[in-house]
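J.: Read off the chains here:
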Amino acid sequence: MRDDHMKAVKEIIASTVKNNISVEAEKWLEDFIQSTDKSAQLAKVFVMLPRKTGKLPVAINNDQQEVLHAAGFGYIRNWTIDRLSRVWLLAGFDLGDKERLFSTINPLFLSAEVNEAVALYSALPFLAHPEIWVKRCAEGIRSNIGSVLEAIMENNPYPSENLDEAAWNQLVLKAFFTEKNINLIIGLDKRANLDLALTLIDYAKERWAAGRKVNPQLWRLVGKFINAEIFDNLKVGLQRYDQIEQRAIALAVSQSDYQPAKDYINTFPELKLALSEGNLNWDSF
Amino acid sequence: MCCSSSIERDKALMGAPEAFDISAVKGMKFFDPHVHMTSRTTDDYQAMADAGVVALIEPAFWLGQPRTGLDSFRDYYSSLIGWERFRSSQFGIKHYCTIGLNSREANNESLAEQVMEILPLFIYKEGVVGVGEIGFDDQTAAEEKYYRLQLQLAKEAGLPVQVHTPHRDKKKGTQRSMDIALEHGLDPYSVIIDHNNEETVKEVLDRGFWAAFTIYPFTKMGNERMVEIVKQYGAERIMVNSAADWGISDPLAVPKTAALMKMRGLSDQDIELVTYRNAITAFAQSGQLDEADFDAQKNVDLTEKFEGNTILRGGQQPRTDKSSIIIS
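Protein sequence lines, in the order shown, are assigned to chains A and B. Going by the working numbering, the first residue of the first sequence is number 1, and it counts up by one from there. Going by the working numbering, the first residue of the second sequence is number 1001, and it counts up by one from there.
These are computed hints drawn from the structure, not numbers from a lab. Fair warning: this is a prediction, and the values are worked out from it, not measured in the lab. Even glycine gets a Cβ: it sits at the ideal position worked out from N, Cα and C. One or more hints might be untrue.
Unchecked claim - To list a few chain B residues with every Cβ distance to chain A over 10 angstroms, as calculated:
1. S1023
2. K1029
3. T1042
4. A1051
5. D1075
6. G1082
7. Q1090
8. Y1124
9. N1197
10. P1217
11. A1235
12. D1250
13. M1263
As the list claims (entries may be wrong) - Straight-line distance between alpha carbons at most 30 angstroms, and here's what the computed BS3-like set of lysine-lysine pairs gives:
14. A/K190 x B/K1171
15. A/K190 x B/K1172
16. B/K1172 x A/K135
17. A/K235 x B/K1172
Just need the whole structure built from these sequences, with the hints factored in.
T.: Given below as structure tokens:
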């Protein structure tokens, strides 16, 4: 589905870049594209780019916005022009040979300052040969810079489509740790797994032990996997009398097939009522 | 978001700023067995010395961003044994360090291989009291590989190991760290498991390891919780550290926790064990740590230089008057 849209998305990005930069900057980029030693020049152009494009938020027309939205890239409207231009620059950079592509783009990650890193990770879904960037993406998750993590975790289709389970679980866990908007993680429900659910429950127990609250979205990733052992932990959560946590656990249980947990929820009149009214969903937390 | 623990939210709960009243533990000595002074200022050294910190251990860690070449590791390790040790000495604080390849950077395998080659040049140096901090961050195969190799190195060198336990998936990471240390034939009494919490402490102590706790604002362990842990588990094989680094952290965490313990009725003996004595006992197994050296360090010679450099800049006096409102 996404592949069908990709060509249109790249075209919109290209025209948006052109519409949002000066004639002088356009010529500068055009000269680069026409040059015969693009690989050698890429790093300099990539780093220098904001000086030419400025850093204003991009303007995208409504029709284009609709296409982007349908393809899952609607979030681009919130980017600045330097970020979009950098992504466009990298997206068009297909040398055919994947080793050459890797050896040209990878060094940019090593010397990247924050805005460059944000652009590089934002470009992952657009780069050729997605499989060669998996380790780089996993390394990015080890960053402790908020905006870099957001570029990887939020609104980015690359991780869920390409990361192995260990790296994916690390991304989700770190998103909870660093208080990212869990709702914006693409592929969250699709890639839920038992290992992650058990790890998140351990995390919830640590939070409880420290007297801290637990992000209700955590239970969204647990629901599918409820068994007798997990149920025991859910009971502890339900007994903590935090209404938001209780409601999230109730919603998770309602999405599971584990009957003893469903029966237990029904012993809480308030939760039973909230579920029967059908007002609870993960967007409400 | 519903449950942000961001600074904004917590500010309201923090109340009005209040100066730390050291009087409750005046005259006591403290040892911070885990603090990253490279990231701290001279003011911190001064405040620590004033609060009774007489010695510390600086474990090798990462700088907040990955290093890209071997030379920056070499320079970093050298600075822990060189300039930082000297800087600390200028405040009368005995500085030790542990040396290791940290878990996050173990994931850069080609660089990690090179770092492993230079580690033996550093772990045998004077004042290196252990291999550390090593262990897991996101628990990858590469992290496990270099954790094992470094445990082996520590075993051969007869050095204690300072184990960093992961922030995420801590319980499993802690269990795994201990399992692997035992597999390599290390005596749990020579392994300090760091960054514990209520969910990990029991197993660490039951299995015979040292349990270190990091008092670090907003995230790891709060010192009120720490008091409860010592009340519940006693003072044996427990130690407290600040792990102060480039993050929002408090280099006075150890004396502050001691003060809180005193106010909450813990015995002087227990306080001394968890904020001073236990760390010395554990790391002295290296043969590189002698309590007598702390006293010698107290006689600060401010005319000393390190490779021709001093911490004093043109005409500076060695101390500033902290009670003065004027900063001149």
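J.: All hints, please: hold or fail.
T.: Here is what the structure says about each hint:
The non-interface label for B/S1023 is consistent with chain A: the shortest C-beta to C-beta separation is roughly 28 angstroms, beyond 10 angstroms. With 10 angstroms as the threshold on Cβ separation, the claim that B/K1029 sits away from chain A holds: the shortest Cβ distance comes to roughly 29 angstroms. Non-interface status of B/T1042 relative to chain A is upheld: no Cβ of that chain comes within 10 angstroms, the nearest being about 25 angstroms off. No beta-carbon of chain A is positioned within 10 angstroms of the beta-carbon of B/A1051; the least distance is around 25 angstroms.
With a minimum CB-CB distance of about 18 angstroms to chain A, B/D1075 clears the 10 angstroms threshold, and the non-interface call stands. Even its closest Cβ contact with chain A, about 27 angstroms, leaves B/G1082 beyond 10 angstroms, as expected for a residue assigned away from the interface. For B/Q1090, the non-interface assignment is confirmed: its Cβ lies about 30 angstroms from the closest Cβ of chain A, beyond the 10 angstroms cut-off. Distance to chain A confirms B/Y1124 as a non-interface residue, since its nearest Cβ pair spans about 30 angstroms, more than 10 angstroms.
Residue placement check: B/N1197 does not keep its beta carbon more than 10 angstroms from all beta carbons of chain A (closest about 6 angstroms). Even its closest Cβ contact with chain A, about 12 angstroms, leaves B/P1217 beyond 10 angstroms, as expected for a residue assigned away from the interface. No Cβ of chain A approaches the Cβ of B/A1235 within 10 angstroms, the least distance being about 20 angstroms, so the stated non-interface status holds. Every C-beta of chain A lies more than 10 angstroms from that of B/D1250, the closest at about 17 angstroms, which supports listing it as non-interface.
Consistency note on B/M1263: stated as away from chain A, and its beta-carbon is indeed over 10 angstroms from all of that chain's, at 19 angstroms minimum. A C-alpha spacing of about 26 angstroms is found between A/K190 and B/K1171, which places the hinted pair at or below 30 angstroms, so the restraint holds. Taking the CA atoms of A/K190 and B/K1172, the gap is about 24 angstroms. The hint holds against a cut of 30 angstroms. Between B/K1172 and A/K135, the direct Cα distance comes to roughly 23 angstroms. Compliance with the 30 angstroms bound is thereby established for this hinted pair.
A threshold of 30 angstroms between alpha carbons decides the hint, and for A/K235 with B/K1172 the separation of about 22 angstroms falls inside it, so the pair holds.
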